[in-house]
Amino acid sequence: MSESAAIAPAAHAAHDAHEEVSFLRHYVFSTDHKMIGRQFLFLGLFMMIIGGLLALMVRWELAWPEEVVPFTQWIPEPYMSEGHMNPAFYNTLFTMHATIMVFFVVMPILVGCFGNFLIPLMIGTRDMAFPVLNMLSFWVGAVAGVLMLSGFFVPGGHAAAGWTSYAPLSSVPVYSGVEWGQNLWCISLLVLGVSSLMGSINYITTIINMRAPGMTLFRLPLTIWALFIVAILLLLALPVLSAALGLLLLDRMAGTTFFLPSGGGEPLLWQHLFWFFGHPEVYILILPAMGIASDILSVFARKPIFGYRAMAYSMISIAGLSWIVWGHHMFQSGMNPTLGSSFMISTMVIAVPSAIKTFNWLGTLWGGNIRFTVPMLNALAFVSMFVIGGLSGIYMAATPVDIFIHDTYFIVAHIHYVVFGGSIFGIFAAIYYWFPKMFGRMMNETLGKIHFWPTLIAFNCTFFPMHILGVGGHMRRIYNPMQYDFLHPLQPINVFITVSAVCLGLSQIPFAINFFWSLFAGKKATENPWNANTLEWTAPSPPPHGNFGALPTVYRGPYEYSSPEVTEDWLPQTRRLEGAVARAH
Amino acid sequence: MHRTSVRTMLMIIAALIWGAAAYAYEGGAVANGGSISGQVKVQGTVPPPKTLEVTKDKEVCGQHELKDEELLVSSGGGLENAVVSIVTIAKGKPFGPAEATLDQQGCKYVPHVLLFPAGSNVKINNDDGILHNIHTYSTKNPPINRAQPKFKKTIEEKFAEPEVIKVTCDAHGWMQGWFISQDNPYFVKTDANGNFKLTDIPPGDYEVKVWHGKLGEKTQKVTVPAGGEAKVNFELAAK
Amino acid sequence: MLSWLPEDVSTFGPKIDQLFYLIYYITGFTFVLVNVLLLAFLVLYRHRDGRRATYTHGNSTLEIIWTIVPALILVMLAFMSKGQWDAIKKNAPPADVLVQVTGKQFNWEIVYPGPDGKFGTPDDYQVDNDLHVPVNKVVRVLLHSKDVIHSFFLPNLRLKQDALPGREIVVWFEATKPGTYEIPCAELCGFGHSGMKGQLTVHDTAGYDAWLKERWPATTANAPAADVERG
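These protein sequences, in sequence, are chains A, B and C. To convert, note that position 454 of the first sequence is 454 in our numbering; the numbers rise steadily by one, no gaps. To convert, note that position 118 of the second sequence is 118 in our numbering; the numbers rise steadily by one, no gaps. To convert, note that position 227 of the third sequence is 227 in our numbering; the numbers rise steadily by one, no gaps.
Hints are all accurate, no fakes.
Restricting the straight-line Cα-Cα distance to at most 27 Å, the calculated cross-link-like pairs of lysine-lysine (DSSO-like) are:
hint, chain 1, residue 1, chain 2, residue 2
1, C, Lys118, B, Lys239
2, B, Lys140, B, Lys166
3, B, Lys189, B, Lys209
4, B, Lys41, B, Lys218
5, B, Lys67, C, Lys213
6, C, Lys118, C, Lys146
7, B, Lys50, C, Lys146
8, B, Lys158, B, Lys214
9, C, Lys213, B, Lys58
10, B, Lys152, C, Lys197
11, C, Lys146, B, Lys58
12, B, Lys140, C, Lys146
13, B, Lys150, B, Lys58
14, B, Lys152, B, Lys123
15, C, Lys177, B, Lys58
16, B, Lys218, B, Lys166
17, B, Lys214, C, Lys104
18, B, Lys153, C, Lys197
19, C, Lys146, B, Lys67
20, C, Lys104, B, Lys67
21, B, Lys166, C, Lys104
Honestly, the hints are just simulated from the structure, not real lab data. Since the structure is predicted, the reported quantities are computational estimates derived from the model, not experimental observations.
Produce the complete structure using the sequences and hints provided.
Spelled out as structure tokens, the structure:
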């Protein structure tokens with residue numbers, strides 16, 4: 001290990017002291033933020049497989065309703081009858097697909113993995129402010145995951161009221177036929193909320209208090225800005241979800257009637273509480289990907305990010321505005337139409353910062369010296385796909401148009417363009433980019449491209465036609481479109497989408513192969529394979545416990561690529577230039 | 001825990017179970033059994049059964065005209081599909097769970113009123129090849145709300161407690177029927193003329209009840225003679 | 001893409017469809033602009049030996065332009081939307097025909113008040129899933145739910161409204177053309193949600209009169225004006 005020569009003797013001795021840590025303390029109950037980050041990554045990737053398979057079952061039923069679904073004969077009654085899907089089970093499938101993807105894939109990977117792994121490294125410190133709390137946040141999250149999966153095995157089946165779980169369908173067991181499954185869904189998310197809160201406290205404290213000397217707020221990479229803002233959003237939004245889940249559990253198990261009119265309750269209360277959390281939640285899902293894409297675009301265009309302050313301020317305004325738009329999910333709910341109009345205005349306004357970011361990303365590419373590495377390809381796809389998702393949101397913001405497209409596949413298209421096209425391409429970009437730092441090895445570029453191109457094409461073939469289905473009036477959450485005469489002409493589109501979805505699933509195989517093979521046999525990574533400026537690239541790959549030898553000092557912002565001050569096309573944050581004064585940009 | 005206190009607990013539990021068993025119905029041979037027979041009639045005029053409107057799955061449900069079977073009265077005023085039973089009886093003829101079958105044919109429940117001993121396995125058949133749904137409105141037994149898609153030809157449900165249970169299909173709003181789960185063997189449906197007969201009853205005094213889905217309940221006291229027949233007639237007011 | 005919209009037979013349909021098309025052109029233009037620029041930059045500014053990127057941190061003028069222009073467009077869309085939204089959801093016009101629709105698992109229960117125009121009287125007629133209305137008349141629907149949240153969706157009338165238990169929501173529409181249309185439920189309501197549908201029959205004037213006579217044979221005056229809204 002040539003890196004060990006670079007480590008100062010004090011840190012080396014500290015590293016030796018940690019050689020004595022047991023397997024359990026090193027790999028399982030680690031308090032090292034990097035190991036915890038890896039744990040979150042494995043949890044998220046495992047759940048992504050489950051979430052993806054659930055989606056394929058949903059898609060199969062839509063394309064060929066009431067026919068045998070292949071490979072499902074082992075699923076017992078009453079869910080499947082020798083491969084035939086029970087309508088109640090269909091409802092469970094889309095409910096759990098969405099629940100798992102939102103709560104157990106995107107959040108653990110973007111916030112749990114990359115938040116944990118990158119924050120101390122990118123701000124120049126040895127670990128999080130509260131390492132034990134950090135370790136607990138993973139294990140509490142893992143317990144939540146086990147609870148969530150256990151719901152599949154209880155009588156009555158798993159939750160089946162949608163990931164949005166509207167009352168009273170979700171609050172009165174006899175309306176859905178689901179008993180303990182829905183209760184476990186609530187309890188699992190309550191536990192996961194605790195995990196996220198622990199993480200948020202750690203991230204906020206660490207970023208505020210533990211930045212290296214010279215690392216002012218406006219020298220932070222946008223990835224860290226995004227994670228910081230997201231941590232604050234989580235801290236404020238999750239308690240509202242927890243309250244809603246608590247009320248739902250009480251209605252289900254203790255005979256209360258918070259959501260039941262016959263007992264003086266109000267169904268819309270659930271929707272207000274859920275979406276007051278739910279809207280900031282979807283910005284929690286996208287903001288880290290936006291920060292990561294900004295950083296990756298800058299690195300591989302070899303140019304500073306265009307409009308750094310505008311980018312930071314627009315993320316702050318997206319986060320602030322996200323608290324006052326939640327009613328746009330409820331335009332048709334029976335809520336007062338005048339209140340709906342005020343939500344329409346705030347929703348139109350929140351599109352502006354995203355537009356600013358899109359143009360700044362284009363500005364970053366303009367005049368660049370672009371290298372098409374696999375992380376860059378995924379970051380570029382993020383920009384393009386996120387724009388489609390964002391533009392489709394404008395139709396829904398216009399309340400009269402929303403009358404028609406609410407609860408149709410137009411909404412499903414929008415969701416998937418922003419969460420898959422946005423967050424998941426962002427996740428792929430992040431994994432390909434930081435894999436060398438996390439595991440000390442490079443992923444294979446060729447396999448990466450074999451993963452990227454089919455994924456991009458199959459993704460668009462799967463989700464773009466859903467806009468057309470929505471325009472045709474195709475409702476969400478139905479298992480058999482053929483029950484409706486007016487949907488018959490649209491059915492060939494459903495078949496095309498399902499075939500594309502299967503291709504999309506298969507396209508992930510090169511990624512799985514690449515990931516696991518590279519873990520053990522990938523080319524050993526140098527300290528800074530991408531010639532990037534940010535602090536994590538000054539530590540070994542992977543960094544030892546304690547990250548840095550001597551703690552770094554920061555002299556400039558993270559985006560000084562192609563700077564006229566040096567001949568190389570990159571200039572690290574930590575590099576001291578002769579005669580240079582630490583300038584305040 | 002102490003061994004002695006564990007033993008005491010086990011003994012109390014055993015006593016409770018034995019005690020509970022002692023209160024349950026006991027079946028066996030009946031010597032000098034008598035019978036109760038009679039007729040249930042309707043007092044007042046009753047409109048003819050109306051035709052049910054089929055507003056869904058017309059290709060299957062609209063094949064034959066469906067009549068509302070909730071209130072069927074013969075020309076002589078006899079009430080069909082009423083259930084006559086002995087309210088409480090501790091000992092009598094053998095009794096235990098039995099097979100009961102409900103058919104869904106042409107979007108109609110056959111029979112309209114299904115009688116079975118509590119604890120029986122009820123088979124619910126879907127012969128129609130379309131989606132039905134079994135929804136029971138029961139309080140003593142756990143309520144059931146289960147889809148029965150076309151490929152699910154039989155669902156089995158168990159009803160452990162005695163209860164009168166309304167049964168509907170949520171997919172087809174006009175489908176309605178009744179399950180009568182009983183904890184003794186002395187219950188029977190009236191025929192098309194309102195006649196009924198309960199047999200093999202140990203001699204003694206009993207309370208006899210008539211129940212009808214629409215016209216309600218009435219009870220009467222009766223004495224069953226050894227080896228003889230007691231006559232009981234009921235009249236329910238038309239609604 | 002918008003050619004897939006179902007046929008519009010609603011008096012408030014054209015304004016909705018116009019807004020739909022306007023947004024389609026605006027978003028389509030933006031999509032093309034962004035992607036053309038993206039692809040152009042990827043080609044023009046790809047790495048070549050000897051190339052160095054242009055070192056710039058941004059441009060304030062551009063920031064202002066691409067903040068204000070989208071903001072103006074979006075606020076304009078908001079104001080264009082409000083009028084039509086209020087007309088459909090808030091300010092229901094006086095009703096020519098009144099009907100009560102109750103969503104329940106898994107059917108639409110429809111109650112007609114009958115010639116006396118009042119609910120709760122003997123001439124009410126209740127039926128599942130069969131909604132008959134006259135063409136060119138304002139139909140007012142009193143929307144209820146018996147159990148969970150359902151959603152009353154008439155695609156060809158560009159109408160959708162969630163039905164909530166515990167409250168009555170007033171919904172209105174006026175059909176411009178006779179025909180039969182499906183009434184799907186558009187809010188997940190349980191395992192029978194898929195397949196929950198009613199049928200809307202829009203009659204021409206003669207056809208509606210004939211249907212009224214068939215339903216309520218006793219009455220002689222069958223003009224729709226008898227079914228005036230009763231508050």
